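Model the full assembly from the supplied sequences, consistent with the hints where possible.
If you read the sequences in order, they're chains R and A. To convert, count from 1 in the first sequence and add 28; that's the working numbering. To convert, count from 1 in the second sequence and add 28; that's the working numbering.
No lab work stands behind these hints: they were computed from the structure. As the structure is a computational prediction, the values presented were derived from the model and not from experiment. Worth double-checking, as some hints may not be accurate.
Where chains are identical, the list cannot tell them apart; a pair therefore holds if satisfied intra-copy or between any two copies.
Stated by the list, open to error - PhoX-like mimics (lysine-lysine), calculated; alpha carbons at most 20 Å apart, straight line:
1. 148 <-> 195
2. 191 <-> 148
3. 195 <-> 32
4. 155 <-> 127
5. 127 <-> 148
6. 191 <-> 155
7. 155 <-> 32
8. 155 <-> 195
9. 191 <-> 127
10. 127 <-> 195
11. 32 <-> 191
Letter by letter, the chains look like this.
Protein chains: 2
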Amino acid sequence: MKRKAPLAVALLHYPIVDRQGTVCATNITNFDIHDIARSCRVYGVEKYFLIHPMQEQLMFVERVLDHWRTGEGARMNPMRRTALTDVETATDIPSALHKWGQPNARIVATHARQLPGQEKFSFSGFKSILEEDSDPYLLIFGTGFGLTQDFMRNCYAVLDPIKGDSKDDYRHLCVRSAVSICLDRLLGSW
Amino acid sequence: MKRKAPLAVALLHYPIVDRQGTVCATNITNFDIHDIARSCRVYGVEKYFLIHPMQEQLMFVERVLDHWRTGEGARMNPMRRTALTDVETATDIPSALHKWGQPNARIVATHARQLPGQEKFSFSGFKSILEEDSDPYLLIFGTGFGLTQDFMRNCYAVLDPIKGDSKDDYRHLCVRSAVSICLDRLLGSW
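Below, the structure is given as structure tokens:
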């Protein structure tokens, strides 16, 4: 636990780009709740926010959380309850930051490809910042085909893309894997 | 592409330990097909095997693969087809190695906790081996509550567990995240 800077993770469902490049809102999926909550819990992330502008979508998340936190799921699988302790819903980023108690946290976006003219964080650079600074950071992951360029331009920085090691530079990680790899690079020790 | 050693990944569904420590076979889940295939594809893994002794379970996988490779899914999402190119099913490890064309590949197991008296690979040690050797390796991930101790004792080595950074040493990553993090540590460059 060398880290000093408070860090939270958010999964954004709007504004998001779809396959055709159109701005849209995506549906929340059950696996995004559990898999990302577990990764955040393993790496000691303070909060994991699922962000969606529609209350109906957030109510779906709350029903899932209730099942595992206080319902039958809590008795059947107590470790799943532990994983979901720090999961929260929010309609937008300011309300997530308010719930976290860090209204001035710096927003760092993630994307599968490099964007020209954007302030960049390398993984090792951001890792050092998290270990040495005490400013709070919110790390944002997009769904669908990713965050919009407008959204990223308004962020404090964008984290370097994960490149992998394929011959054809294939980069279509699912967001659950992308979160896990980013947290391991930023917070893991081995 | 510094790597020289052929590497494949397998997700094992039998023999597996359940919550009570009993040996069982687990069901194959749809997300394990897609998420892990995409991570393997991004990191240039040669083959990804879903291993289950029951033909019915493997037929479920083959139906999913058909949908995305040649059915409606291939037209709707060609990148998903690309991700699934190197996915195969097998009833057991020898038949997976045979399909791969590497019957003598060395089996490396993974587990969330350290096992006493077992030959261990550190991530950096195994990474060097993959870069410098030309012997083939099959990296095995368990489902349920993990691989059995008997199974691991018969493997060539067991990879170090992923420790994370939580105050209470919580280590319940989903297998999809565990695969992604392991591949990034072994094959990623950043």
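Going through the hints against the structure:
1. 148 <-> 195: neither (25 Å within a copy, 30 Å between copies)
2. 191 <-> 148: within (15 Å within a copy, 28 Å between copies)
3. 195 <-> 32: Classified as between; 13 Å across copies, 38 Å inside a copy.
4. 155 <-> 127: Intra 25 Å, inter 41 Å, cutoff 20 Å: neither.
5. 127 <-> 148: Answer is neither: 27 Å inside a copy and 43 Å across each miss the 20 Å cutoff.
6. 191 <-> 155: Classified as both; 18 Å inside a copy, 17 Å across copies.
7. 155 <-> 32: Result: close within a single copy only, 11 Å intra versus 30 Å inter.
8. 155 <-> 195: between (28 Å within a copy, 18 Å between copies)
9. 191 <-> 127: This pair counts as neither: shortest intra-copy Cα distance 33 Å, inter-copy 29 Å.
10. 127 <-> 195: Classified as neither; 43 Å inside a copy, 22 Å across copies.
11. 32 <-> 191: between (28 Å within a copy, 19 Å between copies)
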